[in-house]
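First residue of the sequence shown? That's 576 in this note's numbering, and the numbers climb one at a time after it.
Derived by calculation from the structure, the hints in this document are not laboratory data. Keep in mind that a hint or two might mislead.
PhoX-like, lysine-lysine: derived pairs with alpha carbons at most 25 Å apart [unchecked claim]:
| id | residue 1 | residue 2 |
| --- | --- | --- |
| 1 | K741 | K794 |
| 2 | K719 | K741 |
| 3 | K872 | K763 |
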Amino acid sequence: MKYRKFGVLDWESSILGMGVSRLSGAQSDERGAVGAPQTARLIRHGIDQGVNYVDLGFPWDLGRHEAVIRTVRGALENGYREKIRLALTVPAALITSPEDLETCLDRQLSWLGADEVDFCLLGRLTRDNWPLLQSAGILESLEKVQEDGRVGAVGFSFYDQYQVLKSIVGAYDRWTLCSLQYSYMDVKHNPGTNGIRWAAEQGLAVVVTHPLKGGRLTKEPPEEVRQVWARSPRQWSLAEWGLRFVWNEPGVAVAVCDMNSMEQLDENLTIADTVEPDGLSIAEQVTISNAADALRKRQRVPCPSCRPCMPCPEGIDVPRFFEIYNDALIYDDVDMARVLCEQEQIHPGDCTECGICERRCTKRLHMIDRLKEGSDYLGVR
């Protein structure tokens, strides 16, 4: 296992982190997550092989999240908790008052059977919710939970543009880490490679999530993409191409992978034993770029997520829906798109065709038609 400096902390994280959101606290799981009997074995095997960063994930479903955390609690007995640093997330959407952060934090700590956690992240900060959180006294709440010892360090997960990232980082001088979605499909997107590098330059530990787009980059690719990979003399697996791209960035401290089988875990552990920052050759970087370009050609809506169209009077996150729709086309994965619309409460069928978004759109996109088209294709309302 390779390790990297974790921001300003006197600690090095394993470059491979374990996410547990695809694991299960039940005996079995109809959505394909591994059951509780395997969860502890997976977590302990990863730790035995050098993983020292475990992320409890985003609590989309509090009931399921509780079961997962309680199972993780058992896996970390017998000395395993002392071998790692643990991160939990408090969703920004649940915070409307100074007490809300503490309530959600304490609930997860009780499931974990702990009085403290190493890292607490505010989940999914954006340009829309950050001003509301500041008004709700979030900075004072963060100070309190650090000072009383419930939290070792604080950070945030983020999915928005580069300039918004700068604003959030500049508003608080005690951020230790930021969690950003990043893959070779995200080099210019929310906040992209520039955002990764800038955050690292500010002394933040950069934690990358979804380096393989939730498994979408390891699916059998379409023929035009398969040919790109086949022309390379490097016959790496799809997972290895994706992880090597992320770990090529020196500013990335750890990439969190949600692994739901021992085979996936062992493959990623093997890759993590061999990579170095700036280790990709020019030819390998060109191959990855060509594969990404071939995938992007499959998208339908050329929306840059610049967001002048927002807010929508009906509460529809139009740019995010277009991203979900495009990804369904790119990766031939309608099921995941439906799950994301459900989790994020995006309902394109609520559109009243008021036309505000179209009048504001800098690309002059026919947004109403695309919303209808995407809604029909995905089967969501």
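Taking the hints in turn, this is what the structure says about them:
1. K741 x K794: With a Cα-Cα distance of about 34 Å, the restraint between K741 and K794 is violated, given a limit of 25 Å.
2. K719 x K741: Holds - the C-alpha atoms of K741 and K719 are around 24 Å apart, at most 25 Å.
3. K872 x K763: holds, 15 Å
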